[in-house]
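Please model the complete structure; the sequences and the hints are all you need to start from.
Residues -24 to -1, 1 to 714 in mature numbering (1 follows the signal peptide of the UniProt record, and there is no 0) are what the sequence shown lists, from first letter to last.
Source of the hints: derived by calculation from the structure; they are not laboratory data.
Note that the Cβ used here is the ideal one computed from N, Cα and C, for glycine as well.
A portion of the hints provided could be inaccurate.
Computed cross-link-like contacts, BS3-like style, restricted to lysine-lysine with a CA-CA straight-line distance of at most 25 Å [claimed, not checked]: (1) K681 to K545; (2) K593 to K119; (3) K593 to K501; (4) K79 to K94; (5) K94 to K81; (6) K681 to K593; (7) K658 to K533; (8) K210 to K315; (9) K533 to K545.
What follows is a set of in silico ranges between Cβ atoms, one per label pair, in the way DEER data are often shown [stated by the list, open to error]: (10) N179 to G639: 39 to 49 Å; (11) Y508 to L183: 53 to 63 Å; (12) S226 to S661: 18 to 28 Å; (13) D625 to A453: 36 to 46 Å; (14) I535 to D625: 32 to 42 Å; (15) T517 to S661: 56 to 66 Å.
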Amino acid sequence: MALCSQGSLLSLAILLLVFNFSCSQDPLENGNHIIKSATFLSPEFVLGPGSVENRNYFNVDFPRGHIALKSFNAEVIDESGNPVPLHETYLHHWVVDRYYQRKDKASATENNQRSDYKFAGNSGICQGRVLRQYFGLGSETRKTATHVPDPFGIEIGNPAEIPTGYEERWMLNVHAIDTRGVEDRLGCTECKCDLYNVTVDENGKPLRPDYTGGFYCCYDRTQCRIRPGFEGVKRSLYLRYTVKWVDWDSSIIPVKSLYLMSLILEKGLQVEYEVMPCNGTGVGVDECIDVKRTSLTMPTGGYVIYGVAHQHTGGTGSTLYRQDGRVICSSIPTYGEGKEAGNEAGYIVGMSTCYPEPGSVEIADGENLLESKYSRTQMHTGVMGINEDMKSSSYSWAVAVVALLGLAIAIAITIRYQLKRKAAGSSIRSSFAGNSGICQGSLLRQYFGLGSETRRTATHVPDPYGIEIGNPAEIPAGYEERWLLNVHAIDTRGAEDKLGCTECRCDLYNVTVDEYDRPLRPDYKGGLFCCYDHTQCKVRTGFEGTSRSLYLRYTVKWIAWDSSIVPVKIFIFDVTDTGKRLNVSTGINTESGCQVEYEVEACSTTGVTGNGCIDIKRTSLTMPTGGYVIYGVAHQHTGGVGSTLYGEDGRVICTSVPTYGEGMEAGNEAGYIVGMSTCYPKPGSIEIADRERLILESKYSNAQKHTGVMGLFYILVADRTPKHTTFLDSLVHAHESV
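Right, here's the structure in full:
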């Protein structure tokens, strides 16, 4: 059954795509390709409470001919066409595989001779029976973008690629679990073997004794335990999927279809793995995040066009790194908050995607690091960490020299100010220059500022941009430009509660008044007002340690100013911004109600269940003046799992996620944020309009309470782009020159 339509231009993609360009290719055209669209239904599958559907459907309806795929979207519906929410039928995953069927043989089935058909696979390094798909998502399918942007497309139906005597067909796999009335809904979706009463796999082979959950326990027609007395009817369901495509022509640039990268465990590609809870590993719950990494070799290089990760409940994000440590793509989940389909509380209902400007993110042949993060406030079984791929001088600041195990740098900032020369008989007067952000006052007016993440956070300003300082036209008459440095450091050697000291908990500092002797609010439990200069955090009884001399060593890089440099403005946003403007505010840098820090309540006091145990704080901000984003980074404290700045239309401007240390040495201290990923969009690719309403989102693990945390976001914005040819223009010129 298909509903077909033709529409206007669009851009779409699923997973991470990579392309190569050859100078022999035809020149690019702006060509107005007609987007074709068709909506299909899978074969019917019937589920009752606790039952499982996981089977392959061969030769499903799919567009035919030599075409370029532009998107693929899917969802589970009932027989009336109504979307089915995840808390009723959990969509573990769906995948679509391309295969070639012998023309003189019947349609392929699982029982056919394998010589009768062969799978085409993708260009990834994980093939076998899994991860060979062209498309595939899970619970996140409704809110995850899959479009492949123009002028790219996933080429299918090319007669030159189809083996002689075969024809191209498509197979659909749907893995769905009916969780109505089940005893343990999360346990059923994570396929815990005891809930399915399973000890052998679908082929009758005994499972490993230590295998406690995963898709070997929830195969087709297995049954998850339901509550005694629950009765529910069986119902007919379908996977409704919509495919969009354009007819193939020489103006389309083909992308290598989907590098799917799984975390590599002890024996090759295991696809799924277990996350042990904090209390089961002996690790403190200071961040309670499981981080799994693996090193992967990219078969062939190219330019990244799209990227997205696939995770299960409990996931907090996944990042693909280049060999030099730069972020290729970070993909973080969105958890639902309601009951309606597409917003189911406790489930991952979407994954953020990456759409780099063509030509801006290149992968060379070599190793890349994949990192997947899960909350481990409780055990999770059968989770996945899959990344799906479609393939001059700068500023540097604040490098500390002491490992954070004994010293926590809460924040180090530099502020530009003007000092008035002292005239005879007059006092010295100063004026702070501030930045272009909306939070000024006595906080957040800095030019630079980082914390524990300083060693592993990129700070360079890319060419041809620069932060202009020392401009005589900007310095008031009679003043000279100078710089102020603020360092907030806490010596945690011998501390009774190391995390509590770094979070400035008032009881540990025995503080009830601020540094000006003003009484603190009764509900103020921790933060900057309790760990000011010369305060003392509680140390263990009997601990003795010597005082020592320390310094902040900082390295600055610059170039002499000239007219070829494009100046940028510094904007600092705060997730605690209330939007209230102070009465004394004037001009473009009007002060707003920025609280700078806030508290994160623990799951146990908020009633949150095992949905990832993530605190999400959002605020709406108005951009004073627009421009093009050239850099972005967030600042978070221990417990942070990432921060995202969104545009008014919901597009992602920048996502910045933390890296936690795993050792004892400086720069890799276990339990501390030792780096934040950064965004370097292709110049001109991300524009913010004047007075555009932005959404800032900050996420923290709330496995335990956190005090005095921050959710700041720094961006550098240029009001114009440099004059140079675009990447796509260069491809056309390359062809024309040939």
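Verification of the supplied hints:
1. K681 to K545: Violated. K681 to K545 sits at ~36 Å, over the 25 Å cutoff.
2. K593 to K119: holds, 20 Å
3. K593 to K501: Status holds; Cα separation ~19 Å.
4. K79 to K94: The given pair, whose Cα atoms are some 12 Å apart, holds under the 25 Å limit.
5. K94 to K81: holds, 13 Å
6. K681 to K593: Since the Cα atoms of K681 and K593 sit roughly 15 Å apart, the hinted pair holds (cutoff 25 Å).
7. K658 to K533: The given pair, whose Cα atoms are some 22 Å apart, holds under the 25 Å limit.
8. K210 to K315: holds, 21 Å
9. K533 to K545: holds, 18 Å
10. N179 to G639: 39 to 49 Å: At roughly 42 Å between Cβ atoms, G639 and N179 fall inside 39 to 49 Å, so the hint holds.
11. Y508 to L183: 53 to 63 Å: holds, 57 Å
12. S226 to S661: 18 to 28 Å: Holds - the Cβ-Cβ distance for S226 and S661, about 26 Å, lies within 18 to 28 Å.
13. D625 to A453: 36 to 46 Å: With a Cβ separation near 44 Å, D625 and A453 satisfy 36 to 46 Å, so the hint holds.
14. I535 to D625: 32 to 42 Å: holds, 36 Å
15. T517 to S661: 56 to 66 Å: holds, 57 Å
This entry does not satisfy hint 1, going by the numbered hints stated previously; all others are met.
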